[in-house]
Amino acid sequence: MGVEEIDLKAEETKVKKETLIEGGSKLSLKRLIPVPILRNLLLAIVAVVIFFFLSGHLSAYRNYQLSQVGPYVLAILGLSVLIGQNGQISIGHGALMAIGAWSLALLQIHTKLPLGVILLLATLITTAIGGVLGLVAARLRGPYLAGATLALALGVPDIATRYRSLFGGYQGLQINPPSPPAFLGANFTPQQYLAVIDVIVIVIAFIFVANLVNSRIGRDMRAVRDDEIAARLAGISVQRTQVFTFAISSGLAGLGGGLLALVASNVSPGAFSVTLSISLLSGLVIGGIGTMAGALWGAAVMVYVPQWATTLTEKFNMNQGIAANIALAIYGILLIVIVLAAPGGIQGILMRLKGLISGRGRQRATKG
Amino acid sequence: MGNKRSHFSKRFRVTVAAASLSLIAAACGSSSSSSSSGSSSSGGTTANTASAPGITATSILLGSHQPLTGPAAPGYSEIAPAAQAYFDYLNAHGGVYGRSITLKYEDDGYNPANTTQVVQKLVLQDNVFGIVGGLGTPTHQAVVNFLNTNKVPDLFVASGCDCWNQPTVHPYTYGFQPDYIIEGKVLGTYIASKYAGMKIGVLYQNDDFGGGGLTGLKQILTGGQIVSAQPYDPTTLTNGLGTQVAALQAAGAQVVVLLTIPAATALALLAMASTGFQPTLLSSSVSADPYTLGGLVSNFSKGKVGASILTGMQTLAYLPAPTDLTDPWTALFKTIHDKYDASQPFDGNTIFGMSMAYYTALAIKAAGQNPTRQSLINAMNTQAGSFTGPGLTPLGYSSTSHLGFLGAEVMQIGASGSLTSTSPIYVTNVNGPVTTHASVEAQVPANLG
Amino acid sequence: MTKLITLLLIGASNGLIYAVVAIGLVLIWRSTRVVNFAQAAMAMFSTYIAASLIDRKVPYFLAFILAIVFAFIMGSVIERTLMRQAAKGTPISSVIVAVGVLITLEALAGVIWGANLRNFPSHFSLVEIKTGGVKLGISPFDIYIFVAVLVLLLALVYLFQYTKLGMMMRASAFAPEVSRLLGIRVGRMLTLGWALASAAGAVAGMLAAPRVFLFPNNMDAVLVFAFTAAIIGGLDSPVGALIGALVMGISLSLIGGYLGSDLENPGAFVILVVVLMARPQGIFSSIAERRV
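Chains as they are written, first to last, in the working numbering: chain W, 3 to 370; chain X, 357 to 805; chain B, 975 to 1266.
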């Protein structure tokens, strides 16, 4: 009987989850294509095709800026799965990005595998390492897990300086940015190509995560998050679920790290400081924990707000050292303001706005 | 706070300097006519055109990436403002071929991922003519391929990594300061001549800077003279350098070579002062700016030891000392600093930034009245090797070498932070022998434009 | 053997600095259940205030006290205006607001005082004491740090164990609802927790600065080590924080001395994992396991 109750509860969260992902307004499409995988796939293909043509109209630099967002989207998505779905915390996802980035760099330097395979392998390597770390993580809770993962963020970059001949030391390793295949034409810039790769990878990751959270495993994750003891009573292995989630989350961060290596065309310890891990957590909260769209907003804020603040301060004719610090202060203050004003993050604000617009009709429908 | 007096003396100094400049102008005449060349016709009659990205009839836009915030900002954040101050001065005196130069420098926080972003912005969005003085090895490594693929001149990288000297792989990239290996060889040669038979200890930063310097030292000091070489990790500097210094002391080092950043130099001095270890100290050019260090070490022992802890330390130099106001370049740079950059301290970083800006102006001028990116590179390969200015040693630029300064001399820090030469000027390259050379420091020219 | 002793002393002296920052973290964790990432930046900012005062010829100890007063007020203001508001959200919201405070304070310090390294007077000599030609391996400044940490710790233990105010603070942290019913002004107790933590941070900043110098990011690395130290000790225990910090400082010194300084950061992770595998709640945590 207890089992039934929990199932119901999980079912409920599943429905909630679906509305979060789809925004609850794709009712017509849902009726048109009842199989969620197909529906997601169709949406994904449409998204990629639209972006492909849109990117042609953007300048090389705009495309580059867009491609910068991708790595953080994936890492934040990984955090979102870990924290939002499973209730584990990590201030060490920067280190996992580093593992993915170095995996990609080493594979690119030492093998001749195609880019897609390399990205996949980098993801799998980070997933495996994440699984091992997950064994540790599953024993820890709250601030203790936060502290352990923070120490991970501190320690991993130094491995590169310790084993310099393999990982390149402080200078790190150079990456050749992928050059667009000839059939795309001479006007297709490397920046545009990077942006398109980014979008394809993000779309694939989104489909994967959407299916994961709607699967039985996703239900287990949330059950563990909501009440470990109840989940155990329902026959869910808490530890296995946590380790699995940590591994998946790591894999997403590793994939993001791989993309970052491509975008930055270099992998070195300075890019994976403790600050990166903390920024990712900030990005998650700003975007909105537990929602997939939130990862997009969070990553966009991480990339665009500092650049926007810099451009803004450059308009005033002041000492650039001071300008750079003012830009930093603007970012810090915005972080505080967004979190205080919107605890649900940007996605929370959007959902509330949407609720205000379409809220009345739906309220009537559910009540009636 | 005595504002009035300093204001007065500042104005006084500016007048004096302006007077001396015009004197030099009268004495030297226009030395600029001899160096005109480049791709375009360079008579006085041709009009200025927008000959390349970042170049208009009246202006030249250059870009750079610098750590303005974050842990690497101390000290280094002064360089780009100093360079811009020199350009401001130059622009006020006619610019280059009537064009004013602007250096747009962006903060990368010493994070290579940020470097890529700001350099892409500078090149793709702001359309800079070239990148000048990009700072840092790991940071600049992240953009060197991008700049060379896009054929953007990448002059005077502010890092002594030997990786910038690869004319076939990176034809658009040029070093500036002496290669770290060259510095190590110069230090080794000086030690061999002056401290033969003494036990040598080395404290080095565990990266290309310290590692390169150690490689150079070992090329010269063979045969076990180096009794201990202690690395430190720049990210754990907060834990101090007591461990490393204790090891050097235990090994009986009589001469200690510091291949350290200024903060680490200060920490090493602190550790030595606290244990009473007093070896002869030698350091690389980046390690021992007396201004920066003097302030940091002034209170190690409640002010009693004071800056005297620095006295007697010997450091490498390839540019004039900021404390030597009798040097015409230092005097000129001080004048410029007081007028355009007064909010920053006047120290080795200022001299570095302004010197770099000076050589940049020379290179752009040599690229012709209407320069292109390619004519700038041609000028670097054919003429920059014979550029002279504040630098003490010759420059290594040619079509087959992109090395900057080819050596350095040893300077001793005196009681008031003054620097006096204790060695000839040594010159070498990465593999060749070390020889001595006369100073090539030039007169301050009348005008560049 | 002398190497070992040198390493132990260096490690202990570093550990004491971590300890003061760690105690600040513990104070805030105890009162508001927030891991305060702004602790280091608040310490740095207060230290700059002290440095500015000393530059204006204010005597060292007066500047020391004024900086602590400043820190106390800054801590109260941050709790009242920001953290109180953030507490209405999820626990992570509070952490991110603290991160925002960290970024903003470091940027402000860069605007006000510039990015350059500056020194900070130690007041006591940093040169090792010699008695009869034998070096003791510690300087008067080391002793000063030790005494300062001891005084701070004893004061806190006294406050929490033997005063009514301390009891009320503990009660507010552990059972806010009950405390409210008992007439304790819980909000005020939380503010006091932040204010005290900020003041402890100022002490840490002023003790650390003579040796790590002063610049906007000077306490970043210390914060991370202090956090791991507080975790090792068990986040609820000031004494645990001190012991965790000494463990951390000494281990890192030994790792740096015998294995290489580039292994100090990975070493911190390994030590933490080893301790937490044995004691998932830290060594001295008194509270039963709390499910997330």
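Among the hints, a few may not be true.
[To be verified] In silico EDC-like pairs for lysine to aspartate or glutamate, Cα to Cα no more than 20 Å straight-line:
id	chain 1	residue 1	chain 2	residue 2
1	X	LYS460	W	ASP228
2	W	LYS317	X	ASP444
3	W	LYS317	X	ASP694
4	X	LYS507	X	ASP482
None of these hints come from the bench; they were simulated from the model.
Status of the hints after comparison with the structure:
1. Between the alpha carbons of X:LYS460 and W:ASP228 the distance comes to roughly 52 Å, so the proposed pair goes past 20 Å and is violated.
2. Only pairs whose Cα atoms come within 20 Å are accepted, and W:LYS317 paired with X:ASP444 is accepted, the gap being roughly 18 Å.
3. About 25 Å separates the Cα atoms of W:LYS317 and X:ASP694, which puts this hinted pair outside 20 Å; it is violated.
4. Between X:LYS507 and X:ASP482 the alpha-carbon distance is near 16 Å, which keeps this suggested pair within the 20 Å criterion.
Violated hints for the displayed structure, listed by number in ascending order: 1, 3.
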